[in-house]
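Full structure from sequences and hints, please.
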Amino acid sequence: MATQHSRSAARLMMAPAVVFLLGWMLVPLTMTLYFSFKKYLPMRGDSLANGLDWVGFANYARFVTSSSFWPSVYATLVIVGGVLVITVILGIFLALLLDQPMWGQGVVRILVIAPFFVMPTVSGLVWKNMFMDPVNGFFAHVWRSVGAEPIEWLSQASLPSLILIVSWQWLPFATLILLTAFQSLDQEQLEAAEMDGARWPQRFAFIVLPHLSRAITVVILIQTIFLLSIFAEIFVTTQGSFGTKTLTYLIYQRVLESQNVGLGSAGGVYAIILANIVAIFLMRIVGKNLDA
Amino acid sequence: MARAVTTRQKTINSLVAWMVGLLIFFPILWIIIMSFKAEGDAIKAPLEVLNAPWTLENYGVVQERSDYSRHFVNSVILAFGSTLLGLLVAVPAAWAMAFVPSKRTKDILLWMLSTKMLPAVGVLYPIYLLFIQLGLLDSRAGLVVVLMLINLPIIVWMLYTYFKEIPGEILEAARMDGATLHEEILYVLTPMAIPGMASTVLLNVILAWNEAFWTLNLTAAKAAPLTAFIASYSSPEGLFYAKLSAASTMAIAPILIMGWFSQKQLVRGLTFGAVK
Numbered sequence: 001m002a003t004q005h006s007r008s009a010a011r012l013m014m015a016p017a018v019v020f021l022l023g024w025m026l027v028p029l030t031m032t033l034y035f036s037f038k039k040y041l042p043m044r045g046d047s048l049a050n051g052l053d054w055v056g057f058a059n060y061a062r063f064v065t066s067s068s069f070w071p072s073v074y075a076t077l078v079i080v081g082g083v084l085v086i087t088v089i090l091g092i093f094l095a096l097l098l099d100q101p102m103w104g105q106g107v108v109r110i111l112v113i114a115p116f117f118v119m120p121t122v123s124g125l126v127w128k129n130m131f132m133d134p135v136n137g138f139f140a141h142v143w144r145s146v147g148a149e150p151i152e153w154l155s156q157a158s159l160p161s162l163i164l165i166v167s168w169q170w171l172p173f174a175t176l177i178l179l180t181a182f183q184s185l186d187q188e189q190l191e192a193a194e195m196d197g198a199r200w201p202q203r204f205a206f207i208v209l210p211h212l213s214r215a216i217t218v219v220i221l222i223q224t225i226f227l228l229s230i231f232a233e234i235f236v237t238t239q240g241s242f243g244t245k246t247l248t249y250l251i252y253q254r255v256l257e258s259q260n261v262g263l264g265s266a267g268g269v270y271a272i273i274l275a276n277i278v279a280i281f282l283m284r285i286v287g288k289n290l291d292a
Numbered sequence: 293m294a295r296a297v298t299t300r301q302k303t304i305n306s307l308v309a310w311m312v313g314l315l316i317f318f319p320i321l322w323i324i325i326m327s328f329k330a331e332g333d334a335i336k337a338p339l340e341v342l343n344a345p346w347t348l349e350n351y352g353v354v355q356e357r358s359d360y361s362r363h364f365v366n367s368v369i370l371a372f373g374s375t376l377l378g379l380l381v382a383v384p385a386a387w388a389m390a391f392v393p394s395k396r397t398k399d400i401l402l403w404m405l406s407t408k409m410l411p412a413v414g415v416l417y418p419i420y421l422l423f424i425q426l427g428l429l430d431s432r433a434g435l436v437v438v439l440m441l442i443n444l445p446i447i448v449w450m451l452y453t454y455f456k457e458i459p460g461e462i463l464e465a466a467r468m469d470g471a472t473l474h475e476e477i478l479y480v481l482t483p484m485a486i487p488g489m490a491s492t493v494l495l496n497v498i499l500a501w502n503e504a505f506w507t508l509n510l511t512a513a514k515a516a517p518l519t520a521f522i523a524s525y526s527s528p529e530g531l532f533y534a535k536l537s538a539a540s541t542m543a544i545a546p547i548l549i550m551g552w553f554s555q556k557q558l559v560r561g562l563t564f565g566a567v568k
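Those sequence lines, one after another, are chains A and R.
Each residue of the first sequence is one higher than the last, beginning at 1 in the working numbering.
Each residue of the second sequence is one higher than the last, beginning at 293 in the working numbering.
By construction, these hints were calculated from the structure, which means they are not laboratory data.
It is possible that some hints are incorrect.
Unchecked claim - Derived lysine to aspartate or glutamate pairs resembling DMTMM-like cross-links, with alpha carbons at most 20 Å apart:
1. Lys-514(R) x Glu-356(R)
2. Lys-288(A) x Asp-399(R)
3. Lys-336(R) x Glu-149(A)
4. Lys-302(R) x Asp-99(A)
5. Lys-336(R) x Glu-349(R)
6. Lys-302(R) x Glu-191(A)
7. Lys-398(R) x Glu-457(R)
8. Lys-556(R) x Asp-99(A)
9. Lys-456(R) x Asp-399(R)
10. Lys-39(A) x Asp-53(A)
11. Lys-514(R) x Asp-359(R)
12. Lys-336(R) x Glu-152(A)
13. Lys-556(R) x Glu-457(R)
14. Lys-514(R) x Asp-430(R)
15. Lys-288(A) x Glu-457(R)
16. Lys-336(R) x Asp-133(A)
17. Lys-456(R) x Glu-476(R)
18. Lys-39(A) x Glu-257(A)
Unchecked claim - Every beta carbon over 10 Å from chain R, so not counted as near; a handful from chain A, in silico:
19. Asp-53
20. Gly-56
21. Ala-58
22. Arg-62
23. Val-64
24. Val-73
25. Tyr-74
26. Leu-84
27. Leu-185
28. Phe-206
29. Phe-242
C-beta atoms are modelled at their ideal positions from N, C-alpha and C, and glycine is treated no differently.
Structural data, given as C-alpha cells:
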C-alpha cells in the first residue's frame, strides 16, 4: 500500500521530468503563438526589445494564400502517402517472409533492419550522389548499360526519388513492428482454418490481416508523425527545389532562410495542429493498451 | 507449434529472403565497398569499381581534411550526454509512476508521450532565439539539453514499462525486512532494472546519434556532430564519392553495430507499447 509519505515522495520524484517537459512544451509554444500574431522580420530591424506590431490573423491568412502553400501541401501528402503505402505493403510482405523458417534468419533480419540505423544525412547524400547522380550514379551506369538515357532522378522525378529514399529508411521500422505482430498470431487458429478448407488467400484476408490491423494502424500513425517532419533528407538533396518543398521545409525556409518569423510561426501553428490531429488517434490506442 | 516444412520450401524461402535482404542492404554495402576504392575508380561503372584495387587512403584524407575525430567526439558527447542526463531525470519519474501509481499516472504518461509529437519546426525559431539569448548556439551543452528533452518521453516510457515488469511484492518484502527507500532502490530495484535500463540507453543513444533537425539547425563549427559533418558534403568540390563513402561508413558503423543489438527494444521504445 502506498502511504501518504511515499505519495509525496513519488510526486517529488516525478517533478523534474514534468517540469522539464512542461517547460519544453509551453515556453517555445507560447513564443510561436505570440510571434504568429506579430509582424516580425529581424533582418528589417524588427526586434523584441523595440516591440512588435500586432497584425491579427494576417500571417495565418498570408501563409495559406502564398503561392508556395498548396504545392507544399501536395508535396507533403505525396511523400507521406507514398512512403506509407510502400512501407506498409512491402512491410507486410517482408514480415511474412521473415516469419518463415529459413537458413540464416538472424542475418537476413539484420540486413533488412540496417537502413533504419543510417543517419538521415548519410542516406540522403548517398542516394543522391552514388545512386541517383545522372552522370556517375549507380542507376546511371545501369541505365546506360542497357542503352537507356540516364534519368535525372532528383530533378525529373524528384518526389518519387524522395519517396524511395525515405521508404528505404522506414521500411525496417514497419517490417519489425509487423513481424512482432505476426509472431503473436495464433498458429492453431490458422491450422484450424486450413483444415476447414480455407485456402491461403482466404486465411490471409480473414485471419492474418485482421490480426495485423492494429499493428498496421500503429505503423501508419507513428510513421505519419515522423514523416510529416522529415527535414534532413530534403536539406541535403534538393533543398526544397523541384517541387519537394514540404510543409516542414516551407516553414523552415520562412523562419530561418527568409527570416519572416511571424509568417513562419503561423505556419508552425498549422503544423502543430496537423500533428496533434494524428497524435490524438495514436494516443487513444496507446491509452487503451495501458489499461490492459 | 512450428509446422513441419519441407526442405524444398525452406530452400525457396531462404533464397528469396536472402535476395531481398541483400537488396535492401545493398546501398550500405556499396558505401562500404566504395570507401576502400581510389577516388578516380569510384565513379566508374559498378563492375569496374569492384575490380579496382583496394585502398585505405580515403579514411586518412577524411580525417585530415574535415577533422572527423572532432565531430565524432561531439556525436559521442551529445548522444551519451543527452541519454545519461535523460536517465537521471527519468529514473525517479518512471520509478514513481510504476511503483506508486495514482489516478493521474496514466494521464501524465500519455501527456509526456504527446510532447514527443510536437513538430520540431513549429518551435524552431523560439528555440533558436533562446539559444542566441543564452549564448548556447553552436554549444554542446545546449544541444545535450535539447536532445535530452526530445528523447525524455521515450526514456520515461521505456523505463516505466520495464519497471512495471518488476513484481512489487519483492519491494514490499524488502521494506518489511526494514530496508530504507534508499536501500530498496540501490540493492533491490537497481539489479533487477539494469537490463531494461541498458536497453533504454542503447535505443536512445541511437536516436540521439541520428537526430538531424536540431543538430543541423543549432550548430555551426564547434559543436557539430557527425550528422552535420556529413551534410557538409552536400556541396562537393571535385571528386568525392570515395571520401563521402569513407566518412559515411565511419559515421554509421558504430550505430549500426549498436542497432543490431537493440532490435527488440526498438519495437518497445518506438511504438510506446501499442504493439506487443
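Taking the hints in turn, this is what the structure says about them:
no.: 1; hint: Lys-514(R) x Glu-356(R); result: holds (17 Å)
no.: 2; hint: Lys-288(A) x Asp-399(R); result: holds (12 Å)
no.: 3; hint: Lys-336(R) x Glu-149(A); result: holds (17 Å)
no.: 4; hint: Lys-302(R) x Asp-99(A); result: holds (12 Å)
no.: 5; hint: Lys-336(R) x Glu-349(R); result: holds (18 Å)
no.: 6; hint: Lys-302(R) x Glu-191(A); result: holds (19 Å)
no.: 7; hint: Lys-398(R) x Glu-457(R); result: holds (16 Å)
no.: 8; hint: Lys-556(R) x Asp-99(A); result: holds (15 Å)
no.: 9; hint: Lys-456(R) x Asp-399(R); result: holds (16 Å)
no.: 10; hint: Lys-39(A) x Asp-53(A); result: holds (5 Å)
no.: 11; hint: Lys-514(R) x Asp-359(R); result: holds (11 Å)
no.: 12; hint: Lys-336(R) x Glu-152(A); result: holds (18 Å)
no.: 13; hint: Lys-556(R) x Glu-457(R); result: holds (16 Å)
no.: 14; hint: Lys-514(R) x Asp-430(R); result: holds (6 Å)
no.: 15; hint: Lys-288(A) x Glu-457(R); result: holds (18 Å)
no.: 16; hint: Lys-336(R) x Asp-133(A); result: holds (12 Å)
no.: 17; hint: Lys-456(R) x Glu-476(R); result: holds (16 Å)
no.: 18; hint: Lys-39(A) x Glu-257(A); result: holds (16 Å)
no.: 19; hint: Asp-53; result: holds (17 Å)
no.: 20; hint: Gly-56; result: holds (19 Å)
no.: 21; hint: Ala-58; result: holds (18 Å)
no.: 22; hint: Arg-62; result: holds (16 Å)
no.: 23; hint: Val-64; result: holds (16 Å)
no.: 24; hint: Val-73; result: holds (15 Å)
no.: 25; hint: Tyr-74; result: holds (18 Å)
no.: 26; hint: Leu-84; result: holds (16 Å)
no.: 27; hint: Leu-185; result: holds (12 Å)
no.: 28; hint: Phe-206; result: holds (19 Å)
no.: 29; hint: Phe-242; result: holds (15 Å)
Every hint, counting from the list given before, is met by this structure.
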